[in-house]
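Participant: Here is how the chains run, residue by residue.
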Amino acid sequence: MQIEKDPKILAILCKWCSYAGADLAGTSRFKYPANIRIVQVPCSGRVDPVMVFRAFVEGYDGVMVSGCHPGDCHYGTGNYHARRRLAVARRLLEFTGVHPDRMHFTWISAAEGKKFAEECAEFTEKLRNLSGTEKTLAREEIAT
Amino acid sequence: MNEIRNKIIELFSKGEIDVMLGYREDATTGALKAAVFKKDDTLDDLVFDERCVQNLVNYLPTLTARYKKIGIMLKGCDGRSLVTQLVEHRINKNQIVAFSIACDGVKVGGKTAEKCDDCAVNISPIADHAFGKQEPKKVPLYARVREIEKMAPAERWKFFSEYFAKCERCYACRQICPSCYCEICIADQQEPKWIEPSAKLSANTMWHLIRAYHLAGRCADCGECERVCPQEIPMRLLNNALEKAVQEMFKVRPGTVPDELPPLVVLSKDDPDSILEGRNE
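As you go down the protein sequences, you meet chains A and B in turn.
Per the working numbering, the first sequence runs over residues 98 to 241.
Per the working numbering, the second sequence runs over residues 303 to 583.
Hint data in this document are derived by calculation from the structure and do not stem from the laboratory.
Note that beta-carbon positions come from the ideal geometry of N, C-alpha and C, so glycine has one too.
Please note: incorrect hints may appear among the correct ones.
Said to hold, decoys possible - Under 10 Å between C-beta atoms, here's a sample of chain A residues computed to sit facing chain B:
(1) Tyr-177
(2) Ala-184
(3) Glu-191
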């Protein structure tokens with residue numbers, strides 16, 4: 098029997114909006130794929146791109162980072178910093194060979210449970226389509 | 303050259319500089335080395351030619367702690383490097399007397415250094431005293447980066463992973479870099495340990511990604527990291543790719559505008575969300 102390997106996704110969510118959004122998705126009983134592992138951070142400004150790099154190196158298939166919408170940050174400006182950092186980190190990862198579809202950076206508010214469920218489903222689907230392409234930065238030592 | 307020597311002697315006698323940071327030929331190897339000249343030293347062995355590869359800015363933090371006024375010889379790339387150091391308040395401009403010297407490219411191992419092929423800033427953006435004919439060059443920027451960007455993701459990873467696998471983790475790139483000055487480098491940090499210290503592909507990849515990311519918007523492209531690398535890992539490619547990205551997204555070229563904070567330190571509410579979607583070409 099062939100076991101289809103599901104993509105493993107790391108979602109780094111801010112405490113005030115996106116995590117609450119994920120919570121709302123749960124309490125509202127929206128269905129979304131179970132391949133998501135959530136890490137809660139106080140603010141998307143806390144997200145050091147090192148976390149994203151490490152997730153890929155540890156073998157995650159995709160990384161999703163989400164925070165409050167621009168202007169709605171609980172701490173005022175955390176997500177503006179996050180936007181610049183993640184944009185640069187994404188360009189670096191793309192340049193070294195990570196497929197652009199493996200990264201998903203978005204804004205989800207506490208009221209957007211539905212959006213969280215949809216984005217998760219969409220991202221998982223994207224990664225499933227990628228399964229044929231070579232996985233990069235993976236933890237297993239790739240013979241060179 | 304005599305013009306430079308006379309100026310230095312003049313500044314020494316006026317007391318405007320305490321020491322002069324320049325280049326001197328190493329008697330045994332014939333290579334040029336950084337040298338500190340004091341007031342009564344002979345300046346006969348002060349050299350500036352195409353062998354002056356080294357970026358002298360790296361010595362400034364040590365010297366500024368010891369002396370009040372320091373003269374320094376700067377090529378274009380070193381000048382950019384100095385700007386990034388001044389912007390980050392690592393060095394106080396009052397302590398520096400910048401000698402900007404026109405540079406026609408430096409040679410490493412008999413060949414013109416790769417960084418000089420795509421150098422558009424052969425004059426220092428900071429100059430207290432300028433020597434030689436100084437004209438900015440016009441060159442196609444980031445040609446190598448564009449080549450890599452044309453490849454498919456898997457090809458790119460193949461290209462880089464072959465280099466990363468060779469890395470010995472000697473951290474020479476970190477030690478030589480004027481902009482890598484954290485007291486405890488993230489690579490040495492034990493708790494949390496983001497980067498494993500062993501020299502294997504996954505850990506090396508982490509190191510090179512983080513090194514490049516931490517220099518995003520700060521790297522002045524002096525090319526020292528690549529020069530000192532025993533395994534010839536093309537680190538300038540990563541640095542340049544991010545320089546290009548930062549320039550496209552935030553319209554800043556590090557080291558060219560004095561008094562502007564690095565783009566990843568400041569924030570802008572006007573950045574478009576589209577930058578999170580990656581490269582649009």
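Participant: Take the hints in turn and mark each one as holding or not.
Facilitator: Consistency of the hints with the structure:
1. Interface hint status for A:Tyr-177: upheld, as the beta-carbon distance to the closest one in chain B is roughly 4 Å, under 10 Å.
2. The beta carbon of A:Ala-184 is positioned within 10 Å of a beta carbon in chain B (closest approach about 4 Å), and the interface hint is therefore held.
3. Among the interface hints, the one on A:Glu-191 holds; its C-beta lies about 6 Å from the nearest C-beta in chain B, closer than the 10 Å criterion.
This entry satisfies every hint, going by the numbered hints stated previously.
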